[in-house]
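Number of protein chains: 2
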Amino acid sequence: MITKNDIKFIQSLKQTKYRKEHKMFLVEGNKLVGELLSSNFKVEDILVTDLWLEKFPEMAQTLPFYDIISPKQMEQLSSMVTPPGIIATAHTPSYNIKPEDAENEFIVALDGINDPGNLGTIIRTADWFGIKKIICSSDCADAWQPKTIQSTMGSIFRIEIMETYLKEFLSKTQKLQNSKTRIYGALMDGENIFTKKIENKNGVIVIGSESHGIRQDVLPLITAPIHIPRGEGSKTESLNASVAAGIILATIHNS
Amino acid sequence: MITKNDIKFIQSLKQTKYRKEHKMFLVEGNKLVGELLSSNFKVEDILVTDLWLEKFPEMAQTLPFYDIISPKQMEQLSSMVTPPGIIATAHTPSYNIKPEDAENEFIVALDGINDPGNLGTIIRTADWFGIKKIICSSDCADAWQPKTIQSTMGSIFRIEIMETYLKEFLSKTQKLQNSKTRIYGALMDGENIFTKKIENKNGVIVIGSESHGIRQDVLPLITAPIHIPRGEGSKTESLNASVAAGIILATIHNS
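Protein chains in written order, with the working numbering: chain H, 491 to 745; chain Y, 491 to 745.
Treat the hints with caution; some may be incorrect.
Repeated chains share a single entry, so a pair holds when one copy, or any two copies, can fit it.
[Said to hold, decoys possible] Simulated crosslink set (BS3-like; lysine-lysine; CA at most 25 Å straight-line):
no., residue 1, residue 2
1, K725, K623
2, K623, K498
3, K686, K725
4, K637, K657
5, K498, K562
It is worth saying that the hints were derived from the structure and are not from the lab.
Nothing here was measured: the structure is a model prediction, and the numbers come from that model.
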């Protein structure tokens with residue numbers, strides 16, 4: 491039985507502050523709740539409306555448990571214009587990604603990606619290319635907010651993500667014994683990403699922010715500067731951050 | 491002098507119906523109005539608030555003309571949560587993109603891209619890679635709506651874009667004398683885009699919709715099926731439409 495206080499508590503998870511405090515987050519809609527349930531995440535609540543139960547009897551049968559709430563309560567909890575009728579709460583996992591991990595695989599490092607949609611899209615893209623670990627500077631958007639979760643299309647349940655002090659992490663990566671561990675980053679005067687030879691399938695790929703690119707104190711730590719060249723005669727100033735990240739991940743992954 | 495009726499008229503341009511009827515559209519914010527003014531587009535009105543004039547005296551000096559409106563009027567016209575204080579109207583150009591154009595350059599064909607943000611981002615990406623012509627199916631989002639214009643970051647002023655009946659356009663492209671004019675499209679069983687050799691720098695690149703991919707009656711017209719392979723062990727179902735478009739345009743452009 492869901493009490494008024496439960497609803498209040500769950501509603502509080504729409505705010506970063508309370509998500510961090512309680513180490514919990516919200517997942518909404520059939521597709522994402524389905525992905526959550528098939529993940530290893532610990533699920534706390536599953537809330538549905540009567541209308542949802544009528545509309546999706548088959549999915550309802552697959553739910554391990556659920557509580558029914560009113561459409562009005564669902565509206566309070568939902569972050570969508572049209573609430574899909576199913577919402578769940580789950581416990582935020584904590585991952586420990588270490589600089590040494592970059593000796594064996596690619597790690598994506600996000601530097602100030604503050605648009606939740608871009609953040610989610612980058613997580614989704616990294617997952618597509620088989621990347622398992624993402625580190626974020628503390629000024630990135632919160633990965634566990636509803637809009638980011640939505641944009642990941644479920645990839646958030648398959649990837650490790652950790653907030654960290656980028657400069658320190660990358661300094662340690664630079665000092666690793668395996669001298670072939672590169673730190674890639676898009677810089678104006680970097681090497682053409684389409685012709686650069688990527689020698690090893692490991693290292694850190696730093697993605698800069700939408701408006702400022704890679705921050706000043708991280709720049710000197712980039713050991714493999716790259717660049718996405720513009721077409722001839724193009725006067726565009728920049729690419730969208732998640733498109734640029736997609737092209738970088740695709741190219742490094744497949745070269 | 492701007493009348494109440496003028497404001498009403500300009501406000502009507504927030505709706506696709508009236509944009510189409512009057513062949514005009516809205517441009518908002520310093521960056522985009524600046525790009526508009528340095529383009530060849532015919533500008534009709536430039537409206538600013540007193541506060542904007544105070545904040546941006548230098549940009550104000552570069553405006554060829556302007557009218558001052560009240561903050562309340564600006565709110566009526568703006569599509570943004572925080573109106574930037576400058577908005578302009580301009581005439582929608584009409585372009586004539588022909589199948590034969592694909593004999594000499596790459597044309598991007600958008601098939602049912604209905605999210606305005608994705609549409610704008612794809613226009614911006616195409617512009618980055620030097621593509622000059624985009625055709626859209628009639629069920630694409632309207633390219634001249636505020637959200638799309640915003641997402642193009644000004645690329646809308648540098649690229650030709652035309653709504654057309656895709657199937658007919660592509661049928662005609664297929665029948666062109668130059669047999670090297672390919673029609674590229676992302677299909678599940680397409681060739682790996684990272685290893686496929688792109689022989690000529692021309693043809694049509696079809697980008698499918700967010701939810702359905704390339705539509706059924708267009709599929710048989712694809713002569714060069716391509717595919718963005720997933721990383722090993724990845725369980726993601728799809729990429730974001732504008733990220734996929736970015737990877738396709740980048741790869742075809744640079745292979």
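Do the hints match the structure? See the list:
In this homomeric assembly, K725 and K623 come within 25 Å of each other (Cα to Cα) only across copies, at 15 Å, whereas the closest approach inside a single copy is 35 Å. Taking CA atoms no more than 25 Å apart as the test, K623 paired with K498 passes in neither setting, with 33 Å inside one copy and 52 Å between copies. Taking identical chains as interchangeable, the C-alpha atoms of K686 and K725 lie at most 25 Å apart only when both belong to the same chain, with a minimum of 24 Å there against 28 Å between chains. Within a single copy, K637 and K657 get their C-alpha atoms no closer than 27 Å, and across copies no closer than 36 Å, so neither meets the 25 Å cut-off.
With identical chains, the CA atoms of K498 and K562 are at most 25 Å apart within one copy only, with a shortest distance of 13 Å there and 36 Å across copies.
Of the hints listed earlier, those the structure fails to meet are numbers 2, 4, in rising order.
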